[in-house]
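There are 2 protein chains.
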Amino acid sequence: MKAGVLYSGGKDSSLMAVILQNLGYQVELVTVNFGMFPSWKQAADSASSLGFHHQILEASDKILKQAVEMILNDGYPNNGLNHLHRQVLHLAASNYPLIADGTRRDDRIPKLTLNEIRSLEDSKNIEYLNLAGFGHKTIDKLSKKLFKVKKELTNINNNSDYEIEIRYLLDQVGGDGTASQIFPEHIQSRVIGWRENE
Amino acid sequence: MKAGVLYSGGKDSSLMAVILQNLGYQVELVTVNFGMFPSWKQAADSASSLGFHHQILEASDKILKQAVEMILNDGYPNNGLNHLHRQVLHLAASNYPLIADGTRRDDRIPKLTLNEIRSLEDSKNIEYLNLAGFGHKTIDKLSKKLFKVKKELTNINNNSDYEIEIRYLLDQVGGDGTASQIFPEHIQSRVIGWRENE
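Line by line, the protein sequences give chains W and R.
According to our numbering, the first sequence is numbered sequentially starting from 1.
According to our numbering, the second sequence is numbered sequentially starting from 1.
Rather than coming from a laboratory, the hints here were simulated on the basis of the structure.
All residues carry an ideal CB built from backbone N, CA and C; glycine is no exception.
Among the hints, a few may not be true.
[As the list claims (entries may be wrong)] In silico lysine-lysine, DSS-like type, Cα no more than 25 Å apart, as pairs:
(1) LYS137(R) / LYS124(W)
(2) LYS144(W) / LYS124(W)
(3) LYS137(R) / LYS2(W)
(4) LYS124(W) / LYS124(R)
(5) LYS111(R) / LYS111(W)
(6) LYS111(W) / LYS141(W)
(7) LYS145(R) / LYS2(W)
(8) LYS137(R) / LYS111(W)
(9) LYS144(W) / LYS124(R)
(10) LYS141(W) / LYS2(R)
[Stated by the list, open to error] Residues of chain R placed beyond 12 Å of chain W at every Cβ, according to the derived structure:
(11) MET70
(12) ILE126
(13) HIS136
(14) GLU152
(15) ILE187
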């Protein structure tokens with residue numbers, strides 16, 4: 001069975017992909033793009049470095065604009081990110097009988113409630129999986145064992161999270177510097193290959 | 001790394017074991033026993049049918065007695081089962097750097113809260129995993145694909161859940177028939193081998 005894993009190039013979504021592939025699913029890694037900035041490129045590179053198929057899921061910029069409006073109104077990203085993630089999952093659910101993401105036990109945003117998961121599965125007649133059974137300690141250790149990982153400050157050219165297009169649009173709508181006020185700089189881990197290939 | 005998976009012989013804990021083995025852990029399947037009734041035998045058979053190592057975790061009957069007392073006081077099994085499961089996890093955590101069980105997204109009992117999980121991981125300096133990212137639809141499909149499964153009415157000789165020793169003690173303490181009032185009869189699925197071996 002085909003499985004679509006929402007993919008940012010990070011270790012969480014990479015691990016989810018490996019678990020599903022090990023269980024016999026035909027895994028495709030899927031990175032959403034809202035047509036604002038080609039932030040999917042890093043994820044495509046990560047997918048390729050692991051030998052997975054990669055697809056770009058083209059989504060309407062309306063979804064991104066709604067999320068950015070929510071974020072500007074709230075002054076913090078949580079609700080906008082959750083809204084975006086729900087929309088993206090519903091979109092991906094039209095293409096795959098099983099969709100998954102790298103949401104783990106400790107994640108708070110973006111995260112679906114149990115009711116939202118049931119509604120997604122029932123309304124789209126699909127299965128949804130994530131890493132809610134795995135904590136960060138385990139994911140960090142497995143990631144070190146399985147993957148070559150590059151750690152660096154996030155910027156617009158090295159990251160495929162929702163954050164990148166949101167930042168891009170935030171600065172356009174709110175003026176330069178708006179994004180930095182809402183999303184502080186942070187270190188990201190990007191998967192660049194299998195560890196055993198070193 | 002060694003991983004101990006709490007094991008009943010059912011499809012959930014079998015799937016958890018397979019996921020961990022696929023990720024490279026040395027998996028041991030662990031069935032607790034409180035010395036009241038040898039209910040671990042079916043789990044040992046299931047483990048053997050899949051080629052996993054199996055261990056019996058001998059626990060004090062005090063834990064079982066506490067749980068049965070809670071269940072008799074409450075008139076329903078939830079709190080007693082949760083109490084028992086927490087005690088068993090803390091016990092197993094002394095033997096393995098990583099412990100896991102087959103608790104899935106839809107399970108309500110026994111289930112640890114996020115705070116209980118953190119407390120278990122921190123106090124015992126271990127990792128704890130479960131199947132909270134997987135729903136019953138996915139587990140049912142994967143189980144059909146991976147395992148030969150036998151469905152039958154649960155009885156004292158074909159099941160290795162906590163339930164069996166609890167029932168045994170409930171009838172001893174509360175009189176014959178007490179257990180049946182609290183645990184209604186139900187169909188169970190027991191793993192009896194790999195599907196591909198058919």
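Here is what the structure says about each hint:
no.: 1; hint: LYS137(R) / LYS124(W); result: holds, 14 Å
no.: 2; hint: LYS144(W) / LYS124(W); result: violated, 35 Å
no.: 3; hint: LYS137(R) / LYS2(W); result: holds, 15 Å
no.: 4; hint: LYS124(W) / LYS124(R); result: violated, 42 Å
no.: 5; hint: LYS111(R) / LYS111(W); result: holds, 20 Å
no.: 6; hint: LYS111(W) / LYS141(W); result: holds, 23 Å
no.: 7; hint: LYS145(R) / LYS2(W); result: holds, 14 Å
no.: 8; hint: LYS137(R) / LYS111(W); result: holds, 20 Å
no.: 9; hint: LYS144(W) / LYS124(R); result: holds, 22 Å
no.: 10; hint: LYS141(W) / LYS2(R); result: holds, 13 Å
no.: 11; hint: MET70; result: holds, 26 Å
no.: 12; hint: ILE126; result: violated, 9 Å
no.: 13; hint: HIS136; result: violated, 10 Å
no.: 14; hint: GLU152; result: holds, 26 Å
no.: 15; hint: ILE187; result: holds, 23 Å
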